[in-house]
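S.K.: Got chain U; can you put chain A with the ligands on it based on the hints?
Read off the chains here:
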Amino acid sequence: MGIFDFFKSRPQKSAQTAKERLLIIVAQQRGERGTPDYIPRLKIELLEVIRKYVNVDPSAVQVNLQKEGEQELLELSVVLPDKDGG
Amino acid sequence: MSEVIVVTSGKGGVGKTTSSASIACGFARRGKKVVVVDFDIGLRNLDLIMGCERRVVYDFVNVINNDCSLKQALIKDKRFDNLSVLAASQTRDKDALTQEGVERVLNGLREDFDIIICDSPAGIERGAHLAMYYADRAVVVVNPEVSSVRDSDRVLGLLASKTSKAEQGSGSISEHLLLTRYSPERVASGDMMSVADVEEILGLKVIGVIPESQSVLAASNAGVPVILDEASEAGMAYDDAVARMCGDERPMRFTELKKKGLLNRLFGGG
Ligand SMILES: Nc1ncnc2c1ncn2[C@@H]1O[C@H](COP(=O)(O)OP(=O)(O)O)[C@@H](O)[C@H]1O
Ligand SMILES: [Mg+2]
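Protein sequences, first through last, are from chains U and A.
Sequential numbering of the first sequence, starting at 1, is according to our numbering.
Sequential numbering of the second sequence, starting at 87, is according to our numbering.
Excised from the complex, chain A in its bound form:
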């Protein structure tokens, strides 16, 4: 059984693309056949984070318009041969994605893949709507920050009503909250809401907490999703999140303030 998972948030810049790339690699590393689809039409980015930008020939909109076959548009990942990328188109045409086209492409992908990750654009307009519409599961990416939390609640409302599953009454899609850019230091100083605060406000448990980490920028620079940087806390936290999505139990890491040793304090490790 294939599964469509949307990575969404409402607000932009919270870490959807970063998370989509890492979650896709995480499932691939666990042996699943995975494809990750960039729904951010006009603002293609996922290819860069996945490190395959120079191999984009055809894109999502080309497939919808039958300019090429689905096979031709899929870019095989160099690290995992069970992982593929479908790039977004750079067109400025807002109507390039049609509901019928998206459904056709996703159905095609369902035949060949176990997991289909949809990297949603920001907002709640057409692109974001279509990215979530056919989903079986949703990962709502949220930062511990007022506007992001409010937007994620709006998105949770949409997931409960404006999806194919909800409209046809064929069950509800399961929702995961992924808290990213978390800084235990700032939580300790009272400047940032805690995991518990966000969970209480939204009435939902988090599936993972990704710390604010310098390795994310380094990973984007290199075109290697941060989950593959196994020495980085963000990478390990993404691996935990994927494990939990697969039903494993993993204790939360990197959410507590580290007690700094004297040397560390003197030389400012972090």
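Bound-form chain U, shown alone:
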């Protein structure tokens, strides 16, 4: 390795990349913790129904279960595609 190579910006070390990826994965997993097992299935079936009427992307359907005090709230949001066929 030449002396100047040392000063070149070196690529990020792989351990750092691993850590950054894991911080995201773990946050995501913990967000899903405690949600009932039926949520993923429910999401798929809802998507199938919605797609009979509108052609939405799988990522456009969000199902969230929230606790507000004693009450549990199942929140469903669907982002519809742009009018011009997008």
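There may be inaccurate statements among the hints.
Here are the simulated BS3-like cross-link-like pairs (lysine-lysine), alpha carbons at most 27 Å apart as the crow flies [claimed, not checked]:
hint, chain 1, residue 1, chain 2, residue 2
1, A, Lys345, U, Lys13
2, A, Lys248, U, Lys43
3, U, Lys67, A, Lys248
4, U, Lys83, A, Lys251
5, U, Lys19, A, Lys97
6, U, Lys19, A, Lys251
7, A, Lys97, U, Lys13
8, U, Lys13, A, Lys251
9, A, Lys157, U, Lys13
10, A, Lys251, U, Lys67
Per label pair, the in silico range of CB-to-CB distance [to be verified]:
hint, chain 1, residue 1, chain 2, residue 2, range
11, A, Ser258, U, Asp57, 35 to 41 Å
12, A, Cys154, U, Glu20, 48 to 54 Å
13, A, Gln176, U, Lys13, 30 to 36 Å
14, U, Leu46, A, Gly99, 53 to 59 Å
15, U, Arg51, A, Gly99, 40 to 46 Å
16, U, Pro11, A, Met87, 51 to 57 Å
17, U, Arg51, A, Asp153, 52 to 58 Å
18, U, Gln12, A, Glu197, 39 to 45 Å
19, U, Arg33, A, Lys157, 52 to 58 Å
20, A, Gly194, U, Asn64, 29 to 35 Å
21, A, Leu134, U, Asp37, 35 to 41 Å
22, A, Gln176, U, Gln12, 45 to 51 Å
23, A, Arg141, U, Gln12, 49 to 55 Å
24, U, Gly31, A, Ser258, 17 to 23 Å
Simulated from the structure, these hints should not be mistaken for laboratory data.
Quick reminder that beta carbons are idealized off the backbone N, C-alpha and C, glycines included.
M.R.: Frame of chain U; chain A with the ligands shown alone:
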């Protein structure tokens, strides 16, 4: 009061059986009455690591099926007379472990032992679920590697919700993180996540750090748990971990890069 401790991880091959055997010996060496139970039905291994494979007559499933008494199935360790092993069965029947059977055996063991170590199989299926279900404490074995860390987080989630204690709301089980196969050299070169990285990701402090060590293979070859190799770093690190599990304070060892002397560098000690 007896205590059931599960050694678990999610991912396979991270060092659960190695750790179960050493932790069991560590508690026995401290005078506790200990039994270590192999939950890896179909893939019996703990007996080999403990060095008692030739004395297995009856196993865990035999006890569950009432083919023999619990006493008959327990194998006394040759080194500590306060340590016993309950071997896994080699059956391929996935349903050999029943929840009722496991509970019955563990309750039987609670009468005679202070510490019951459950060596969990990999995965999050039946065997792993039952190994953790009745636990009072958990040791989550993790390697500084992406898939192992992700799996251990999933297991931490299960420990918080899918155990008898959690389901009955009778307190939570205490969780220990045990980082194994750690290589300070690779951490220094940036190829391996550090202790601090893993602790930050999982939001949990480690109870011990076991270095990657050649003595582990030698110990398995000989059927002598590595904690009994008192000259090995892995052995000493396991002893520290058990001491911390008993509430002692011990500084972390073998986690920093060793400064190699010139001779060492020339002749490549390690
Ligand atoms: N600290 C260590 N250093 C080197 N090798 C290790 C270490 N811990 C475990 N191993 C090796 O890793 C392999 C898997 O270990 P094992 O305890 O059987 O894992 P598990 O029970 O989680 O499947 C074995 O070959 C074992 O010798
Ligand atoms: Mg194992």
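S.K.: Each hint should be assessed against the structure and marked as holding or not.
M.R.: Verification of the supplied hints:
1. Simply put, Lys345/A and Lys13/U have alpha-carbon atoms about 22 Å apart, close enough for the 27 Å limit, and the pair holds.
2. A hinted pair counts as satisfied when its Cα atoms are at most 27 Å apart, and Lys248/A with Lys43/U qualifies at roughly 23 Å.
3. Restraint check for Lys67/U and Lys248/A: satisfied, since their Cα atoms lie roughly 20 Å apart, inside the 27 Å limit.
4. For the given pair, Lys83/U sits about 53 Å from Lys251/A by alpha-carbon distance, which is inconsistent with the 27 Å threshold.
5. Straight-line distance between C-alpha atoms of Lys19/U and Lys97/A comes to about 18 Å, which keeps the hinted pair within the 27 Å bound.
6. Taking the CA atoms of Lys19/U and Lys251/A, the gap is about 32 Å. The hint is violated against a cut of 27 Å.
7. Pair hint Lys97/A plus Lys13/U holds up; C-alpha atoms about 24 Å apart against a cutoff of 27 Å.
8. Among the hinted pairs, Lys13/U with Lys251/A is inconsistent with the structure: their alpha-carbon atoms are about 42 Å apart, more than 27 Å.
9. For the given pair, Lys157/A sits about 54 Å from Lys13/U by alpha-carbon distance, which is inconsistent with the 27 Å threshold.
10. Distance restraint check for Lys251/A and Lys67/U: the Cα-Cα separation of roughly 23 Å lies within the 27 Å cut-off, and the hinted pair is therefore satisfied.
11. Taken as a hint, the range 35 to 41 Å holds for the pair Ser258/A and Asp57/U, whose Cβ atoms sit roughly 40 Å apart.
12. The hint said 48 to 54 Å for the Cβ distance between Cys154/A and Glu20/U, and at roughly 53 Å that hint holds.
13. Remark: the range hint 30 to 36 Å for Gln176/A to Lys13/U is contradicted by a beta-carbon distance near 44 Å.
14. Between Leu46/U and Gly99/A the C-beta distance comes to about 39 Å, which lies outside the given range of 53 to 59 Å.
15. Between Arg51/U and Gly99/A the CB atoms are about 42 Å apart, so this pair conforms to the stated range of 40 to 46 Å.
16. At roughly 54 Å, the beta-carbon separation of Pro11/U and Met87/A lies within the given 51 to 57 Å, and the hint holds.
17. Between Arg51/U and Asp153/A the beta carbons are some 55 Å apart, a value that agrees with the proposed interval 52 to 58 Å.
18. In this structure the hint that Gln12/U and Glu197/A lie 39 to 45 Å apart at CB is violated, the actual value being about 55 Å.
19. Arg33/U and Lys157/A have their C-beta atoms about 41 Å apart, which leaves the hinted 52 to 58 Å range violated.
20. Range check, Gly194/A to Asn64/U: about 45 Å between beta-carbon atoms, so the 29 to 35 Å window is missed.
21. The beta-carbon spacing between Leu134/A and Asp37/U, approximately 37 Å, falls within the hinted interval of 35 to 41 Å.
22. Separation of Gln176/A from Gln12/U is about 47 Å and conforms to the stated range, judged on CB atoms against 45 to 51 Å.
23. In this structure the supplied range 49 to 55 Å holds for Arg141/A paired with Gln12/U, their Cβ-Cβ distance being about 52 Å.
24. The hinted window of 17 to 23 Å between Gly31/U and Ser258/A holds, with their beta carbons roughly 20 Å apart.
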